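Starting from the given sequences, assemble the full structure and let the hints guide the process.
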Amino acid sequence: MAKFFIDSNFGIPGAIAVTNKHQKEFFLESIVIEGLVCEPVHFSCNSWVQSRKDHPGKRVFFSNKQPYLPSETPAGLKELREKELSDLRGDGQGERKHSDRIYDYAIYNDLGNLDKGIDLARPKLGGEAIPFPRRCRTGRSPTDTDINAENRVEKPLPMYVPRDEAFEESKQDTFAAWRLRGVLHNLIPSLIASISAG
Numbered sequence: 001m002a003k004f005f006i007d008s009n010f011g012i013p014g015a016i017a018v019t020n021k022h023q024k025e026f027f028l029e030s031i032v033i034e035g036l037v038c039e040p041v042h043f044s045c046n047s048w049v050q051s052r053k054d055h056p057g058k059r060v061f062f063s064n065k066q067p068y069l070p071s072e073t074p075a076g077l078k079e080l081r082e083k084e085l086s087d088l089r090g091d092g093q094g095e096r097k098h099s100d101r102i103y104d105y106a107i108y109n110d111l112g113n114l115d116k117g118i119d120l121a122r123p124k125l126g127g128e129a130i131p132f133p134r135r136c137r138t139g140r141s142p143t144d145t146d147i148n149a150e151n152r153v154e155k156p157l158p159m160y161v162p163r164d165e166a167f168e169e170s171k172q173d174t175f176a177a178w179r180l181r182g183v184l185h186n187l188i189p190s191l192i193a194s195i196s197a198g
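Numbering (this note's numbering), first residue to last: 1 to 198.
Please note that a few of the clues may not be correct.
Label-pair ranges, simulated between beta-carbon atoms [stated by the list, open to error]:
{"id": "1", "residue 1": "LEU36", "residue 2": "ARG89", "range": "13 to 21 angstroms"}
{"id": "2", "residue 1": "HIS22", "residue 2": "GLY76", "range": "23 to 31 angstroms"}
{"id": "3", "residue 1": "VAL153", "residue 2": "GLY76", "range": "34 to 42 angstroms"}
{"id": "4", "residue 1": "PRO133", "residue 2": "ARG52", "range": "32 to 40 angstroms"}
{"id": "5", "residue 1": "PRO74", "residue 2": "GLY127", "range": "38 to 46 angstroms"}
{"id": "6", "residue 1": "PRO162", "residue 2": "GLY76", "range": "23 to 31 angstroms"}
{"id": "7", "residue 1": "VAL153", "residue 2": "LYS65", "range": "55 to 63 angstroms"}
{"id": "8", "residue 1": "GLU29", "residue 2": "SER190", "range": "41 to 49 angstroms"}
{"id": "9", "residue 1": "PRO123", "residue 2": "CYS38", "range": "28 to 36 angstroms"}
None of these hints come from the bench; they were simulated from the model. Source: prediction; values computed, not measured. Quick reminder that beta carbons are idealized off the backbone N, C-alpha and C, glycines included.
Right under this line is the structure:
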């Protein structure tokens with residue numbers, strides 16, 4: 001719980017800026033501002049807030065108290081919303097980090113591995129030639145043989161997923177356990193059949 005004071009004629013808060021001064025990220029569910037002339041103002045956050053060392057800027061969360069049409073949005077709030085949208089879109093530059101929260105898209109240009117052999121070439125999915133839904137842009141370096149193709153991500157390195165979309169550790173563990181169970185479910189009958197036949 002934090003306490004702070006605002007002027008009584010401030011009005012209804014439409015946004016709140018949060019700075020994480022800890023060394024690690026934390027998950028912020030919600031913020032409730034009480035003690036105003038109106039009823040409490042809720043900010044549904046449900047998002048990771050990165051450490052100031054990873055992302056020096058403040059995270060801005062918007063209230064769900066008062067919806068505005070674009071033409072009726074107060075100037076200060078409009079500026080914050082435009083900056084938030086710009087931050088989410090990214091600038092199309094650089095490699096994405098695990099802590100990033102950027103929804104920048106690219107075609108699938110990393111399916112093949114031409115550097116390891118011509119037989120490992122694969123077409124690029126997306127764009128006009130082969131329409132396909134796009135993926136999050138990662139900004140990885142290009143391959144040696146094709147500057148328009150990104151290097152592949154080999155296990156155990158993770159693929160870039162915007163932080164708020166990534167599985168929690170417990171969900172990731174559950175997913176891995178069910179994947180192993182599925183493999184064993186298909187593998188055991190084959191092993192039994194080959195042992196019986198042998």
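Checked hints:
1. LEU36 - ARG89: 13 to 21 angstroms: 33 angstroms, violated
2. HIS22 - GLY76: 23 to 31 angstroms: 28 angstroms, holds
3. VAL153 - GLY76: 34 to 42 angstroms: 41 angstroms, holds
4. PRO133 - ARG52: 32 to 40 angstroms: 35 angstroms, holds
5. PRO74 - GLY127: 38 to 46 angstroms: 40 angstroms, holds
6. PRO162 - GLY76: 23 to 31 angstroms: Holds - the Cβ-Cβ distance for PRO162 and GLY76, about 27 angstroms, lies within 23 to 31 angstroms.
7. VAL153 - LYS65: 55 to 63 angstroms: 42 angstroms, violated
8. GLU29 - SER190: 41 to 49 angstroms: 46 angstroms, holds
9. PRO123 - CYS38: 28 to 36 angstroms: Hint violated: Cβ distance 57 angstroms, outside 28 to 36 angstroms.
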